[in-house]
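A.B. asks: Each chain, letter by letter, is given below.
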Amino acid sequence: MTEMVYREALKAGIREEMLRDERVFLLGEDIGLNWGGAFKVTKGLAEEFGVERVRDTPISENTIAGAAVGAAITGMRPVAEIMFGDLITLAMDQVCNQAAKMRYMFGGQTSVPLVLRTVFGGGKNIASHHSQSLESWFMHTPGLKVAVPAFASDVKGLIKTAIRDPDPVLFAEHKLVYDKKEEVPDDEYLIPFGEAKVRREGADVTIWGTFIMLHKALEVAEELQKEGISVEVIDPRTLVPLDKKTLIESVKKTGRLVLVTEETKTGATTAEIAAIVQEEAFDWLDAPIKRVNAPDTPVPFSPPLENYFIPDNKRIAQAVRDIV
Amino acid sequence: MTEMVYREALKAGIREEMLRDERVFLLGEDIGLNWGGAFKVTKGLAEEFGVERVRDTPISENTIAGAAVGAAITGMRPVAEIMFGDLITLAMDQVCNQAAKMRYMFGGQTSVPLVLRTVFGGGKNIASHHSQSLESWFMHTPGLKVAVPAFASDVKGLIKTAIRDPDPVLFAEHKLVYDKKEEVPDDEYLIPFGEAKVRREGADVTIWGTFIMLHKALEVAEELQKEGISVEVIDPRTLVPLDKKTLIESVKKTGRLVLVTEETKTGATTAEIAAIVQEEAFDWLDAPIKRVNAPDTPVPFSPPLENYFIPDNKRIAQAVRDIV
Amino acid sequence: MTVDKKILKELFTRTLKTRLFEEKVWDLFGENIVPGTLHLYLGQEGVAAGVTTALKDSDWIQSSHRGHGHVVAKGADMNAALAELLGKKTGSCKGKGGSMHITQFDVGVLGATGVVASGLPIAVGAALSCQMRKTDDVVVCFFGDGASNNGTFGESLNMSAIWKLPLVWIVENNFYAMGTPIKLTCPSSTVAQRAEGYCIPSQVVDGNNALEVYEATVEAVKRAREGGGPTLIECQTYRMKGHSRFDPAKYRPQEEADHWLSGEKDAVNVIQKIAIEQGAITEKDAEKIREKLQKEVDKAGEFAKKSDFPEPEETLDDVYAEAF
Amino acid sequence: MTVDKKILKELFTRTLKTRLFEEKVWDLFGENIVPGTLHLYLGQEGVAAGVTTALKDSDWIQSSHRGHGHVVAKGADMNAALAELLGKKTGSCKGKGGSMHITQFDVGVLGATGVVASGLPIAVGAALSCQMRKTDDVVVCFFGDGASNNGTFGESLNMSAIWKLPLVWIVENNFYAMGTPIKLTCPSSTVAQRAEGYCIPSQVVDGNNALEVYEATVEAVKRAREGGGPTLIECQTYRMKGHSRFDPAKYRPQEEADHWLSGEKDAVNVIQKIAIEQGAITEKDAEKIREKLQKEVDKAGEFAKKSDFPEPEETLDDVYAEAF
Ligand SMILES: Cc1ncc(C[n+]2csc(CCOP(=O)(O)OP(=O)(O)O)c2C)c(N)n1
Ligand SMILES: Cc1ncc(C[n+]2csc(CCOP(=O)(O)OP(=O)(O)O)c2C)c(N)n1
Ligand SMILES: [Mg+2]
Ligand SMILES: [Mg+2]
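Sequences listed follow chains X, F, U and D, in order. Converting from the first sequence to this note's numbering requires adding 102 to each position, the first position being numbered 1. Converting from the second sequence to this note's numbering requires adding 102 to each position, the first position being numbered 1. Converting from the third sequence to this note's numbering requires adding 8 to each position, the first position being numbered 1. Converting from the fourth sequence to this note's numbering requires adding 8 to each position, the first position being numbered 1.
Keep in mind the hints are simulated off the structure, nothing from the lab. Because the structure is a prediction, the values reported are computed rather than measured. Just so it is clear, CB atoms sit at the ideal spot from N, CA and C, and this is done for glycine as well. Heads up, a few of these hints could be off.
Covered stretches of chain U, going by a simulated chain X footprint (3 or more residues, C-beta under 8 Å) [said to hold, decoys possible]:
| hint | stretch |
| --- | --- |
| 1 | 47–57 |
| 2 | 108–114 |
| 3 | 134–146 |
| 4 | 163–177 |
| 5 | 186–199 |
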């Protein structure tokens with residue numbers, strides 16, 4: 103085990119796969135020599151693997167994603183990067199109509215083994231075009247898998263699984279988790295998709311969430327423990343496939359559920375989770391499922407506004423208190 | 103009152119607004135002289151208003167949407183058409199990052215009074231790239247309003263409201279409702295956004311749905327009446343703003359809810375509705391909320407497959423029976 | 009260029025085969041057993057035949073929404089192709105794709121796509137893959153005049169140029185995008201003019217002359233294989249029918265249609281005349297070839313008709329490599 | 009072209025004003041009171057000054073992510089501009105936009121945008137609006153060399169050409185997109201070469217020479233106003249600082265940087281020298297102008313600093329014209 107930040111664990115996973123399989127290559131804007139990725143995830147990889155395999159591209163999001171598709175179906179294992187999740191808006195056709203649907207609409211004639219890395223989330227005061235959390239769009243796109251690693255120890259195992267997966271994976275990161283530290287195994291390990299992780303066990307209420315909200319939820323759980331409230335915290339790790347079982351079992355145990363993500367509320371992934379749980383654990387629910395999300399607004403720039411926008415510990419704690 | 107099909111009612115609404123306000127103009131692919139729109143909604147309007155105001159464009163979805171934005175913020179009232187809803191994937195930046203966010207990120211300096219018309223849904227055997235129902239993406243985009251007219255009598259009043267609205271409206275149509283007939287008022291009328299319509303009153307169970315599924319739900323309600331099950335059917339008419347009140351009141355009356363749309367299930371608008379209702383009417387629910395949707399697959403081509411994909415009366419009826 | 013007689017015979021054969029295939033499709037359509045819509049390749053056969061004759065088996069082609077001709081000319085199993093159009097289980101896409109997604113991966117077709125211009129980025133990726141894997145395969149990408157107005161055009165041409173990809177861009181300029189004449193949407197007299205902006209060499213040829221198309225493609229393919237980068241070839245041609253299933257194409261000026269649809273301009277006649285004149289075949293050979301091909305096509309038609317539809321539950325297959 | 013002395017003075021003034029504004033921003037940044045990131049306009053002032061001096065008040069400009077200079081040169085209220093950068097309530101966007109969305113609608117700025125190349129479609133729509141409303145206003149759209157690789161570039165140039173829109177395309181070619189040198193992403197030696205594909209006249213000028221920029225713009229604006237359609241002007245220039253907040257721009261060859269960042273090439277020096285040589289101002293005038301502007305800028309800085317942050321709840325305002 104070595105303690106490292108998420109960014110380094112992610113890079114280590116990519117690097118191991120590049121060493122293992124020469125078909126793996128990276129493409130994206132400013133991922134290479136001069137920059138190493140806007141969040142420095144790929145820093146040093148161009149130096150190690152060359153600019154062919156760590157390929158800077160023009161500012162052409164739809165063609166970056168489409169090129170990944172074309173490379174994937176002809177024998178390569180592309181890992182494409184869209185610099186900010188907000189910019190996938192420019193690549194939605196290639197991601198959602200082509201990558202996601204190709205296996206299906208061609209009747210299984212081809213696999214589309216690509217990874218599309220991008221980063222969501224606010225907290226950096228970079229306003230409406232660089233701070234969104236759009237993962238629910240992709241959860242609603244059959245054919246895609248969606249990974250949402252929130253911890254350094256997970257991200258390495260998940261990126262490796264993503265790269266080996268025969269299906270297209272939207273690999274979503276979050277700006278504020280890049281610097282989160284954790285012990286990460288030194289030996290090779292893969293984390294299977296569709297297996298949630300119980301990050302903390304508890305008896306009174308379950309919190310399910312993603313990304314930075316999980317880190318906050320764990321802090322809140324700690325606080326609430328002092329008030330005698332025992333909180334279980336579940337990290338889905340992938341949204342597609344979704345581990346319903348772990349969640350439902352937890353809810354059957356606690357009878358109460360709080361869902362926490364940074365997405366704007368209406369139509370967020372938390373809506374789907376709420377719908378599933380009331381469907382499958384109706385009789386076990388002792389209170390309405392609470393959703394804690396950002397309000398239905400674009401992401402504002404100014405710090406006091408963005409701080410208000412992003413759910414904080416207080417709001418999470420309040421939601422728990424509301425139903426226990 | 104005149105009986106007419108949805109397509110004609112929609113055209114009549116657009117035409118009235120074009121006569122009323124010379125700032126209103128249409129742009130899109132093949133909407134003009136030679137074709138009149140892929141679904142003939144705009145047929146005849148170029149002849150009446152000229153090719154300047156009913157403007158054929160190149161195949162440039164993102165720039166069609168963006169041009170509507172630019173025109174809207176400088177004094178025009180554009181009604182842009184994206185020929186198939188699936189193709190909005192190419193225009194997501196302009197729709198979701200620009201149109202939807204401009205008022206907000208510029209601190210209220212501008213309105214963006216545009217309408218983006220498009221059409222969702224299957225049933226025409228035109229496969230994965232021409233049959234999707236993507237409305238939940240837009241419901242999840244703060245700043246947009248989303249209209250989902252399903253009946254001829256509504257579509258005219260809603261398109262007129264949409265055109266006069268100071269905010270960007272995603273005006274979603276459905277391929278199979280274009281030919282649905284209804285009595286439509288002859289006099290000018292506007293239907294306010296955010297007001298659902300109870301299409302049928304009932305006591306035992308509420309069905310909430312959109313588009314062609316509402317037509318099916320009404321048939322199912324008729325059938326079930328014979329079995330002694332009294333079904334209330336609610337048409338939201340707009341998803342944003344959403345009329346929660348009518349729905350919650352209905353659920354408080356019936357205690358049971360079935361949600362029916364043609365979207366693929368995971369992350370559909372029905373997830374949001376389920377989440378809201380369990381939040382706000384938890385104590386009134388006598389059974390889990392049922393969701394009837396398409397399976398999580400792309401839309402297949404072959405008729406037996408597409409028929410299986412699209413929820414039918416049987417599945418809707420079964421969902422009702424499951425919970426009453 | 010002196011062209012081998014075998015090649016001339018092959019050009020004639022492929023042109024004719026493509027024609028007969030499409031005539032069969034048209035007949036089946038007349039029998040009302042082709043679900044959905046159709047974009048017939050009738051009239052443009054010289055392009056597919058000329059291009060594919062210049063390729064080797066392991067070269068790839070990327071098709072468009074008007075793809076029947078491309079796959080047939082590249083060597084598709086016609087049974088599977090026709091069965092696909094009828095939505096049968098024996099179709100190359102198991103009935104999931106239909107006309108707009110008709111694809112046979114094993115003969116080097118990367119895919120047909122319903123989204124205009126969406127094939128270009130995929131072709132970029134496939135060509136990049138050919139280059140990175142150090143094969144000497146090339147990729148040919150077919151698209152229409154209308155497609156050249158979409159954003160992916162510039163992005164993809166550019167990327168192919170900067171990376172000197174082994175790629176040949178084939179614009180099938182049939183002077184219309186649906187009902188919109190190219191004059192309304194393209195300021196230059198050729199599409200080829202746009203290639204210069206990306207320093208891509210280009211050529212305009214008569215698309216109804218398979219030999220001209222072939223010769224231009226041979227040169228382009230040679231350049232591509234030798235590392236000289238992409239070429240754009242504009243093949244001017246014309247649709248024999250309307251854009252799609254129900255389009256009578258009344259918007260076309262009589263004189264223009266008469267010119268293009270004359271016997272003299274007919275792609276089959278043109279290459280037959282050349283092949284005979286250059287002594288590659290006799291009138292009698294031509295007849296024999298026609299008879300043989302017609303039999304094949306008829307047999308394929310029978311096969312397709314007799315084949316079963318897929319089982320409804322097959323809707324759920326092929327979304328991912330493994331179901332979950 | 010003989011240029012009026014008043015104009016020369018104005019060019020000098022605007023160039024200097026833009027410079028001083030940006031220096032102030034740099035200072036405030038040094039004080040660590042500018043939230044988020046920054047794309048400084050330092051070095052490129054000649055472009056904004058030259059272009060905007062050729063416009064009348066009611067003409068529009070569309071800005072980019074590097075927008076401070078554009079808005080200031082177009083006549084922005086500097087108080088509101090600086091306050092916006094600090095996220096203050098008194099900012100032109102009430103603190104919701106910040107650096108990437110700095111916009112002042114009332115002086116003719118359509119918007120600054122965080123999505124590279126997303127302004128082009130909006131400019132198309134605004135120019136269409138100017139044309140349809142029969143004003144004689146023109147629209148100028150600023151974007152970078154990197155932006156010209158995005159799909160909207162071709163789409164928007166084409167649309168502007170076919171409709172002969174009153175539009176001037178200004179490419180600010182600073183030879184880099186973030187850390188990526190243009191040589192890696194653009195096969196031609198100028199971006200202007202791409203305009204020919206759309207039959208748009210173009211010109212390459214020294215962007216550090218406000219007079220050259222002005223003269224080219226005057227000609228382009230004249231053509232646009234007279235119905236002659238769009239023009240593209242490539243202004244070659246250079247960033248004084250790195251791409252954004254924390255970029256030291258070490259990837260730039262020393263020689264190249266030395267050349268562009270020399271006193272001789274400096275935009276302020278260049279236009280000051282010309283203005284003095286042509287007798288438009290004296291050294292002393294220049295000093296006086298500088299003092300006056302510096303005072304204005306300082307005052308704006310004070311204003312911005314003293315202004316309050318918005319109240320957290322303002323996060324919820326301005327999503328729609330009316331809350332619901
Ligand atoms: C991105 C996109 N926009 C619009 C359509 C609807 N559509 C289908 S084919 C077509 C015309 C295409 O014209 P062109 O590229 O010239 O090909 P052709 O049909 O002439 O072969 C259009 C507009 C589509 N399928 N995809
Ligand atoms: C569509 C899009 N892709 C990527 C980015 C990230 N990004 C911001 S600025 C920039 C470089 C833009 O280069 P250029 O257009 O030359 O403008 P410059 O910064 O040089 O002024 C990039 C890649 C973005 N904001 N939008
Ligand atoms: Mg065409
Ligand atoms: Mg640049």
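A.B. asks: Look at each hint and say if it fits the structure.
C.D. replies: Structure-based check of all given hints:
{"no.": "1", "hint": "47–57", "result": "violated (count 0)"}
{"no.": "2", "hint": "108–114", "result": "holds (count 5)"}
{"no.": "3", "hint": "134–146", "result": "holds (count 7)"}
{"no.": "4", "hint": "163–177", "result": "holds (count 5)"}
{"no.": "5", "hint": "186–199", "result": "violated (count 0)"}
Hint violations for this structure: numbers 1 and 5, all remaining hints satisfied.
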